[in-house]
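Chains as they are written, first to last, in the UniProt record's numbering: chain C, 1 to 323; chain U, 1 to 323.
Please keep in mind that the hints were generated in silico from the structure rather than gathered at the bench. Do not rely on the hints blindly, as some may be mistaken.
[What the hints assert, rightly or not] Now the stretches of chain U that chain C is said to cover, found in silico as 3 or more residues with beta-carbon under 8 Å:
1) 270-277
2) 289-300
[What the hints assert, rightly or not] Computed cross-link-like contacts, EDC-like style, restricted to lysine to aspartate or glutamate with a CA-CA straight-line distance of at most 16 Å:
3) K58(C) with E39(U)
4) K298(U) with D176(U)
5) K32(C) with D176(U)
6) K58(U) with E39(C)
Where a beta carbon is used, it is the ideal one built from N, C-alpha and C, also for glycine.
There are 2 protein chains.
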Amino acid sequence: METKSQMRDEKYAADISSIREAQVRISPFIHKTPVLSSETLNSIAGRKLHFKCECFQKGPFFVSSPLLLISGAFKFRGACNAIFSLNDDQAAKGVVTHSSIHCNTKNAPKCKVENVIRYNGQVIWSEPTMRSREDMATKVLQETGAVFVHPYNDGRIISGQGTISLELLEQAPQIDTIIVPISGLVNNLRRRFDIGGGIGCQVHQPLQFEFLAAEPKGAMNQAAHLKEPKYHMKYHKRVNTRPIVRDFVDDIITVEDKDIIEAMRLCYEILKVAVEPSGAIGLAAVLSDDFRNNLAWKDCNNIGIILSGGNVDLGVLWDSFLK
Amino acid sequence: METKSQMRDEKYAADISSIREAQVRISPFIHKTPVLSSETLNSIAGRKLHFKCECFQKGPFFVSSPLLLISGAFKFRGACNAIFSLNDDQAAKGVVTHSSIHCNTKNAPKCKVENVIRYNGQVIWSEPTMRSREDMATKVLQETGAVFVHPYNDGRIISGQGTISLELLEQAPQIDTIIVPISGLVNNLRRRFDIGGGIGCQVHQPLQFEFLAAEPKGAMNQAAHLKEPKYHMKYHKRVNTRPIVRDFVDDIITVEDKDIIEAMRLCYEILKVAVEPSGAIGLAAVLSDDFRNNLAWKDCNNIGIILSGGNVDLGVLWDSFLK
């Protein structure tokens, strides 16, 4: 079996250079999102928590009508980096991507679609499977000559997302641990955990902090896959984030649905930040018994938590107000 | 009738000096809250909006057990200024205030009470009337020798709250207009508009920007009272914010309940900020026809909106997730 250092000799889809380049490229266009903290939450967690509020990032990213670009809040940096890496000819023809909007399930995030339309983006519906989405994107590409940017499996996207933690470390240099939501593929029955593309991975060399990922138990389990060599053989050449996760993520913490909802509630009621469930996974992980009781993380005193996304449908809430 | 300049000769409970002093006093203890913007909301409003997210301010303020309790995100700066203006003997005996927690109405903000208890503050219930709250506070004061700080009718509170706009103008000096939620007394049937104390008034001399206030139509109407001399005669010596509002607020915009809920929805879904209805009133005002169609405000191009409070009970939302 390869050692960790041997594995790191391979070329990754993103590295510290490409992330720094992305930061220079996108900084005029993005929001430098604030880092919030709460003594109440510090007290509940028994650590100092630094919430990087990437959910305040600009939303859908639209280039040239009528071609679509869908992006949840978490993906703006990546999308921005991908777009501004194009030459003018490419950019003029537009960009196509696909996104996991689960329109046919209960509590689907209608507001995500509304946001796309608000930005004059074009939404083309497909069946809610990855295969169907990819087929539809191919068809649109053939018809229009637009450029396809995969929503997460693209070095430019990964590098753009990587600027989140680069920025976070500039804002809160005392951080010794970063925890990010993970999982591009989600099988959760209720499909609320729409993390989508990009893990916001900061590929530091040398690593100066612990880098943890958190995913819902309901998701197709990356934690299990990491431990399964066959899975690596099959997928790691196809999925660009996979070797990065494998080699740089120190551990993956899985959390129960109910704990994610509880973390989301703390985000709303204490931090006053409206995240979607996937955005609250990092907090859920930090508050989980698995994390608290693991001696490996006892010295994680200053934890950066990336809060991403905000595409949760709050219709039930507004309805209750107007009753 | 007095002219505006004559009226301004009187002494106010807070002025630019007391606000600057408050800023120095409280700055080590408060969060410098971020200013967020959204191109989507700018586009909806037709102006540039700068959201001062005071809802991220520290929450309940707790000094010495078992007394005191001040709560509500909006009031931290004021409370902080009041407490740190006390001498050590006074502070040792604790502080009492009262707050409008409407526990007996539908959708009462339970989380507000929970937050108070979380900080080891003591909640003493009274009947939900101002008179009953004041009587209860008096009783506690007599029993304990604690210091009473009125939740909004106190120069130290007003000065502390005034630091919000002072800070906002430092962060976004291009602002030409500031709009704040107003109304200490709320009669709204559903009692959701718990603005509570302090108007965050920035008493500038000379005024270099338009200073507007917004209140729900359901509230005891300050806009109407301002135009009613009898009301001034009766109240302006009792209510310290009254002469400040009368002399410095350029106009009061009243907004419908349904428009406040819509503004709140935009805050959650686009800004991703979890405000309570009262906190979204400023945005509702800016989007109202009354504001849009008033030629007096046509040159208000850079509007600072203070988003305050977050004590909205989202129980219905969590219930929907866990169904």
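Results of checking the hints against the structure:
{"no.": "1", "hint": "270-277", "result": "holds (count 7)"}
{"no.": "2", "hint": "289-300", "result": "violated (count 0)"}
{"no.": "3", "hint": "K58(C) with E39(U)", "result": "holds (8 Å)"}
{"no.": "4", "hint": "K298(U) with D176(U)", "result": "holds (12 Å)"}
{"no.": "5", "hint": "K32(C) with D176(U)", "result": "violated (23 Å)"}
{"no.": "6", "hint": "K58(U) with E39(C)", "result": "holds (8 Å)"}
In this structure, the hints that do not hold are numbers 2, 5, in rising order.
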